[in-house]
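Asks: If you want the building blocks of each chain, they are given just below.
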Amino acid sequence: MLSDVAFPLLAAFGLSLAIVLLIYFIGGKISAKGVAKGTGKNEPYACGEDLPAEESRVDLEKFLVFALYFLIFDILAFVLATSFYTIGIMPITYSLIVLIAVTVLMYSGRHR
Amino acid sequence: MLAYDLFQLIVFPGALFLFCLAFLYEWVDRKFFAKVQNRYGPLYTGTLGLLQPVADFLKLLYKEDLVPKACDRNIFSSVPIVYVVLPLTTLFIIPISGQTGLVAFNGDLIFVMFIFALMTITVFLAGWSSMSRFSIIGSVRSALQMLSYEIPLGLALIGPAIAAKSLSISSIVQWQSANATWGLWLQPIGFGVFFICMLAELELVPFDIPEADTEIVAGWRTEFSGRKLAMFRLGRDLEIVLASALVTSLFLGGAQPLGLIPPVLVFLVKSLFVVIMLSFARALFARFRIDQMIAGMWKYLLPIAILQIILIQLGLGV
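First to last, the sequence lines map onto chains A and B. So the first sequence is numbered by my numbering: it starts at 1 and just counts up by one. So the second sequence is numbered by my numbering: it starts at 1001 and just counts up by one.
Taking lysine-lysine and the DSSO-like style, the derived pairs with C-alpha atoms no more than 27 Å apart in a straight line are:
id : chain 1 : residue 1 : chain 2 : residue 2
1  : B       : K1069     : A       : K33
2  : B       : K1069     : A       : K62
3  : A       : K33       : B       : K1059
4  : B       : K1035     : B       : K1059
5  : B       : K1059     : A       : K41
6  : A       : K29       : B       : K1063
7  : B       : K1063     : A       : K41
8  : A       : K29       : A       : K41
9  : B       : K1059     : A       : K29
10 : B       : K1069     : B       : K1059
11 : B       : K1069     : A       : K29
12 : B       : K1069     : A       : K41
13 : B       : K1063     : A       : K33
Treat the hints as calculated values from the structure; they're not laboratory data.
Next comes chain B alone, as it looks inside the complex (with noise of 0.2 Å):
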């Protein structure tokens, strides 16, 4: 059984899986982006440029390994291997091709939490370690961004959380599917503030205040270059497959058999559509300025999202 867990953990539900996962949602991403904006996107490599991604990140790991000598060396080369590590832990976590996932356990909706707030901590040491002013401006930035979407987040997460009498994905979708009901329908207030804080972690366009390119050269990722922006743009890939795979999960029922249909078919279908929905948003919006977001996460979202945890305490939406 040794064998069947490592074939798991490797590649089916596992990590082959996911980088594949990630790269097919950055073309989706990029092309639909390009469509909406009446341009072509990725075209040549590949059939109909679905390989793209995958040749950017080859280019990137063949080229130079830039270090800047004022950094701080030992940070500069671990906060990129973190980067990626964290995002392939927690989709272990979130289930894809059953009711449960790989490794799921009791609570791992708090590990969740934890894993995006360390995500967040993660940039400011990227580019507090690169010693340039964009840089860390940018990680400076983010944390600001952080400190705002964070408790709206976590307001967000717990009202499913709640319904389900459960802190665990797994048991999450499990009750979604066995009262034949989504968040979505019951919660449609959580499921919006979810989806605004999961555009402003994933630093998505209305809310890139850390990597501005037109007033900060590239945020915090300006210093880094060959195999560890490749690092960057892999976690970023397999940060945006984690944002979809939470939203359906919490949201969308996850990965429930439909018939004959297998599990993991429903769950793609479900979290392809939510990133078509965050990169419509990205091409729809314009950047905040910092202090419109600022205000709008503690004026706005805040109070509608206590707005929801009352409405569920008063029965409705459970």
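Just chain A, same shape as in the assembly (with noise of 0.2 Å):
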């Protein structure tokens, strides 16, 4: 247990962010340079075929809608379903912020 740190999770978080950065910034200036420019290096990987990279997208913000949806109420359930033993407030305020939560985000207008 940390005992002088004031957000230990977020001292963690960074601390980690750091960390991982550090490594990948040695990795860039270790990392071998190519030299051969245009010569289909810079493709995407197929076996051969001609796959062109514009045709193969999918729709990623109505995934990523469903994806929060998905989180939220999946939290969401975990909570009420530990809650049973706190009486009182706190399951109702965890409720009330993802309803607040749900509303943002079916107001935010980029997908209707």
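Could you use the hints to bring the two separately framed chains together as a complex?
Replies: Listed below in structure tokens is the structure:
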């Protein structure tokens, strides 16, 4: 248990982000640099066929909205299922937060 | 005391220790998997090939970092970093060197579940941003797999939380230690469900549908190379550590002190056992088809998980 850090989880997150960024940066420094440009090295992988990259898109925005709804209700179900020992304001607060999140998501306007 | 806190975060139960653990567990996994198949496994780098995962990681760091020109550059380069940071942050929560996690807080079980869902969304973004057909098929399969295993996983996590009347992993470990029992003996069904869901979450062999290398080249990782692929491998190893640590903490009693043996050693032995079980399952089974996976998860695993919750509510296994 940490004793002196104000926001332990944020500190852990920041520290791991810093370490990983450091490794990533070192990797960029020591990696081999390619010479041949325009030889098809930067094309997407294909086993000999011609697969233009522009044709393989999925609708990300729709998927992300579904994923967010799923995430929100998943966590809400978890909170409600484990909250029957706490009678009172806490589960209601959680539910209200979720309700606000869903409302914001519904009326954020970019998907209708 | 700040210096000691920093030491804890960076060196001992912190980042450096976790990286070493990740490489060690990858070695154990590969060696055991090879032994089951009558092969030798990693052999030359270091004693018994112990340094082979480190060597692989360094080799990938030294390789050229190719970025396909069609891909979404920002997402493509930030996704590998997120993929390592998420399990690394979550591992700080789990009690490893004592009965309380390093940054444990009340309700961190919900946080762990949230991180698992977020990992899959990261995987989806990785495949989507690289604009290759194989990657996109892999990432869509990965999202589909998440939609199937997430509900049984949540139900299996609810079991220990209800039994210990707490949503904190550290309190669940302390509850098991105080009652001198393990979650495994009280909720064997929940343990099985959780184990299967962990196999699906880690995309290990019966559920390696998102990266089925005989169908779609390397799944969502097809376009990644060099340091990005190194990051993905490191993230995968940390995820294996996270899964085994979670199984250990929730169902196998966690880091209990055992006489004079320090809790870290107890934790290491238990989680090594879990890693060996994971790689044994990986060696025994063949890959499921997608429809078999979804039907199995919804038709069989979900009712079993609900049955476990009902049994707990009836007072069995509390």
